[in-house]
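Participant: The lines below spell out each chain.
2 protein chains.
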Amino acid sequence: MRTSIATVCLSGTLEDKLRACAAAGFDGVEIFEQDLVVSPSTPEQIRDLAQELGLTLDLYQPFRDFEGVEEDVLADNLRRAEAKFRLMNRLGIDTMLVCSNVATATIGDDAVAAAQLRRMGETAARYGVRLAYEALAWGRYVSDFEHAWRIVELADHPNVGTCLDSFHILSRRWNPEAIEKIPAEKIFFVQLADAPELSMDVLSWSRHYRVFPGEGAFDLVTFMGHLVRSGYNGPVSLEIFNDVFRQAAEERTAVDAMRSLIRLAEQTSIHLQETGAGETAMELSTLPGVGEPLGFNFAEVKAGDPETIRTLLYQLGFTCQGTHRSKAVELWTQNGARVIINSQNARGLEPGISAIGLDVPDALAAASRALQLKATAVPRRSQANEEVLQAVAAPDGTEIFLCEAESGGPGWIREFGRGAPVPAAGPITAVDHVNLSQPWQHFDEAVLFYESTLGLTPRPSVEVPSPMGLVRSQVMRSSDGAVRMALNIAPMVFDGSGYPQHVAFACSDLVALARTAVARGLQFLPVPGNYYEDLDARFGLDPEFLTVLKDLNLLYDRDADGEFLHFYTSTVGNVFFEVVERRPSYEGYGAPNAPVRLAAQYLANG
Amino acid sequence: MRTSIATVCLSGTLEDKLRACAAAGFDGVEIFEQDLVVSPSTPEQIRDLAQELGLTLDLYQPFRDFEGVEEDVLADNLRRAEAKFRLMNRLGIDTMLVCSNVATATIGDDAVAAAQLRRMGETAARYGVRLAYEALAWGRYVSDFEHAWRIVELADHPNVGTCLDSFHILSRRWNPEAIEKIPAEKIFFVQLADAPELSMDVLSWSRHYRVFPGEGAFDLVTFMGHLVRSGYNGPVSLEIFNDVFRQAAEERTAVDAMRSLIRLAEQTSIHLQETGAGETAMELSTLPGVGEPLGFNFAEVKAGDPETIRTLLYQLGFTCQGTHRSKAVELWTQNGARVIINSQNARGLEPGISAIGLDVPDALAAASRALQLKATAVPRRSQANEEVLQAVAAPDGTEIFLCEAESGGPGWIREFGRGAPVPAAGPITAVDHVNLSQPWQHFDEAVLFYESTLGLTPRPSVEVPSPMGLVRSQVMRSSDGAVRMALNIAPMVFDGSGYPQHVAFACSDLVALARTAVARGLQFLPVPGNYYEDLDARFGLDPEFLTVLKDLNLLYDRDADGEFLHFYTSTVGNVFFEVVERRPSYEGYGAPNAPVRLAAQYLANG
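If you're matching them up, the sequences are chains V and G in order. Each residue of the first sequence is one higher than the one before, counting from 1 in the UniProt record's numbering. Each residue of the second sequence is one higher than the one before, counting from 1 in the UniProt record's numbering.
Keep in mind that the hints were calculated from the coordinates and are not lab data. None of these values were measured; they are calculated from a predicted model. Don't take every hint at face value.
Unchecked claim - Across the chosen pairs, the derived CB separations fall in these ranges:
id, chain 1, residue 1, chain 2, residue 2, range
1, V, Ser570, G, Arg79, 33 to 41 angstroms
2, G, Asp542, V, Gly397, 32 to 40 angstroms
3, V, Gly397, G, Arg515, 48 to 56 angstroms
4, V, Ala103, G, Phe545, 55 to 63 angstroms
5, V, Ser461, G, Glu146, 49 to 57 angstroms
6, G, Arg86, V, Ser570, 58 to 66 angstroms
7, V, Ser570, G, Glu146, 30 to 38 angstroms
8, V, Gly397, G, Arg86, 33 to 41 angstroms
9, G, Glu122, V, Ser199, 54 to 62 angstroms
Using N, Cα and C, we set each Cβ at its ideal position, and we do this for glycine too.
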């Protein structure tokens, strides 16, 4: 699959954009007209830079408001088009995107549109230019890709073909099956965009909210299946108008974009096998397939001064397994819950979550897959006699370690203390979930990262009010719930840093654990009395049980699947801990209680 | 008019919110349930604080999903309601908002809903509580305020009335005229919200995009007219769910909110007079009416080192009129364009726009009006023998001077130089417009500020792409165009500061001025060659004219009303200048050229 991307997807100058696309591994780019118009570089300089970077220039776009006009307007449009054909010759681009007329069309007659496109095609032919006519979802007379194709058929000129854009097709719910009826050689170009399910006018939706494939709600795999079956073998190009991507660092956005196409190619390939498609013209690269993660291997907190974290873990019933034999790193465990406190090169650093270890069926395959999906490898820090661990950086900088699942616990534990784990029983059984705040510019990237590299599935997102604004929370989950990551966008005031993150531990007896913790002096996050009155009004709880909850600062929720008890520790630096008990199969995270936590944390830091 | 506001409109703790509401001058507040639930203060403490602050607690809200349910659910709902009535007694609140059921209703029968509300009313009566039943726009069976009123009529209980919410009525385009048919004593509460015209699902629109009256597109004046004519005389309360207000400083948001109600009361009063309403129960305060501003009196640039600004003004043909007789302030003029360079207490300060002077028909009345609209007065710095100028601070901190329009120019000019203006002729005639960037948290506030205090009218806003993201631009304009202010929201990376602002001068012969400026060594903002090629493709310009534009770095636009020529200087600190020529009645600001400017400025700051 030839990969391409429109320069409008990215921030920066045209040169910045080209460099970012090349670095991310794209084969080519579409030049968005305005990016060239505002550039001080000549067309020849842009052509040369692309060549130097190994990028093909696949499309010049967009040419607007051409067809369906009166003769005098047409003459001016042809003059305007010819100026652009000359420019395209200088750029070395042979395909132009022609959008269906939205503004100046006055004649809603296919024969007229076709004849006018044919005249444009005749002029284009003199410059060696091909025209890819596309139905915009809000075109004046032409908004359906099949309609655009009928006009192209009528135009009947070798230099006039069609462009298919998944947004314009799927946003209007046109059936993409008809793509297979278009002769592949008349599909001159294909643009892909995904979008979240939003009920708003299609123009605003298109101009502000498009996202890369896999980050939205469109079924692009089925779309791609039809495209491949049509015999199309040209560029598959991303054209994403997104207010956030426009503000984000272009190098990162380009990598996010490339990852989305690699993942889509894999999914398309699987889809085609499943639907029994035979030989196809388009080659679709595949990736090492790996199973879902099986559980949390460990969570790592980095801290200049480990003492406050040690105290919290002790109060929660964890046992120290000793320090690492070669690093300033110590291990605390309780049954299957493992926390590493890392003070290596951390002088003066406030405590914060620095790494997560996940058990995977095949660590080498998982790491290879992540790297092929453009994840950044984390330099290994192990010595010759130590366990070799695979790790990649998540979009927020957290290190994700991919650990071989081993019966009897991870081998690396032997590198701590006396090499044999000290028994550490207690009601905490494992890590239940990890909650990481994400920079607002990279939230969609994070969702795609965890989905594509680790096979976690996004759950419906929720918005939680806090005294500083709404917090958006998106859970990514393995199918059996053994791995759950909650990704948050914090209010703007944090600008992606300093917002506390947390590790939540699963517990078989929360009340008993809380009592032990009280005895050991744990600072619970205080829960207001009004909360318990409201809880009682909502659930009509047993008064004794309510008193227990209130005395211990425990939070409570209930749904059709069961009950949920949980509490939070106070925050140390940028990290706090939560302990949860699911009775027995409550699936949520106590979302109704999240505003209580956020308000209490606001007050505590106030 | 009794003013009230829901605590959910504001950020911070419940105490922060109450203090902000009191400081802004509200008579009362609605307690949003969740704000109380997350508060560590007891209901009694909240009641006492409100009393101490002189605020009435007007409404407890919302109570959800009560009516239209099976008998067993009703029993639980009544238990839940009674717990809240007890709580309201402790708070000293006698009215509860009951929203039409969205989640648990299974019976779409008005008689059932009415009977159930009646039973709720009977319980409420025992606690001295009144129920204000409101149709949510997305209610399961009840979404129309007239329908809610019919159910209240059927319920026929003195403690059951209705609540009217302008959002739920106007978002669904229900006709508010029917308000007049509801007996005033059965309207227990009124909530007001405005909203921009957005084509999205009504729930998302309501939860994220509500704004204060006058900041959106709803006709709240007509709505208020019906309400006043109904005889209603209770609180008029703001309930605004807005993602941005939730993140903004609560003191400012509360002032913005209060300003919106003061302005709405004035407009309603005028509307009632115009429509011939007689005596009404509700008293509507009025404000000193003032005419629109007649023009720009001056623009002030504050700079630690005035030299770079002096040079720019000299290059643009301005003449220095000398320094102020008592301050480190100098005046530069060219015909009716006056620029003050202020270096008073400005050591080390980068140049930036600090003040704008506007000619108004009655400066004292205008200042009085602005202060009654909660504008902050700027401390006067004049001495006994100097002109006394009225000034208020705009939401972005710019000082707005309200100057008495005088034939023969402003009197304060005599305080500069030798007291008599030096002739300063040239093609620049006046200030055409001023472009100020606004903090993203206070954009709606700024629009309302300029509309309500100065009578400027918002024009349709535009979004302009830049290499760092979209810039939203909103022009506020006097009806004859003599005063035009463009308010911009800069990309997030600026976070409201450091984004360049500018003063644009009107000019009768831009080409001549540009030539003079070239001769005087002006650094023009460079315009790329690609721009001129595109301009030619779009407009088919005379080649000689195109060469003139290109040689002088002039930008060009054309529409049905005429032509627009303009150029920009390079940026000094946070300010630059633009010169524009309108041929003859072009009304815009060269929006198609804005991306060229933004890209060139991005490169220049590289």
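Participant: All hints, please: hold or fail.
Facilitator: Taking the hints in turn, this is what the structure says about them:
1. V:Ser570 - G:Arg79: 33 to 41 angstroms: Roughly 35 angstroms apart at Cβ, these two residues keep to the hinted range, so it holds.
2. G:Asp542 - V:Gly397: 32 to 40 angstroms: Since the Cβ atoms of aspartate 542 (chain G) and glycine 397 (chain V) sit about 56 angstroms apart, the hinted range of 32 to 40 angstroms is violated.
3. V:Gly397 - G:Arg515: 48 to 56 angstroms: holds, 54 angstroms
4. V:Ala103 - G:Phe545: 55 to 63 angstroms: Check failed, 26 angstroms falls outside 55 to 63 angstroms.
5. V:Ser461 - G:Glu146: 49 to 57 angstroms: Hint violated: Cβ distance 36 angstroms, outside 49 to 57 angstroms.
6. G:Arg86 - V:Ser570: 58 to 66 angstroms: With a Cβ separation near 32 angstroms, arginine 86 (chain G) and serine 570 (chain V) fall outside 58 to 66 angstroms, so the hint is violated.
7. V:Ser570 - G:Glu146: 30 to 38 angstroms: About 52 angstroms separates the Cβ atoms of serine 570 (chain V) and glutamate 146 (chain G), which means 30 to 38 angstroms is violated.
8. V:Gly397 - G:Arg86: 33 to 41 angstroms: violated, 49 angstroms
9. G:Glu122 - V:Ser199: 54 to 62 angstroms: Since glutamate 122 (chain G) and serine 199 (chain V) have Cβ atoms about 40 angstroms apart, the given range 54 to 62 angstroms is violated.
Checked against the numbered hints above, the structure violates hints 2, 4, 5, 6, 7, 8 and 9; every other hint is satisfied.
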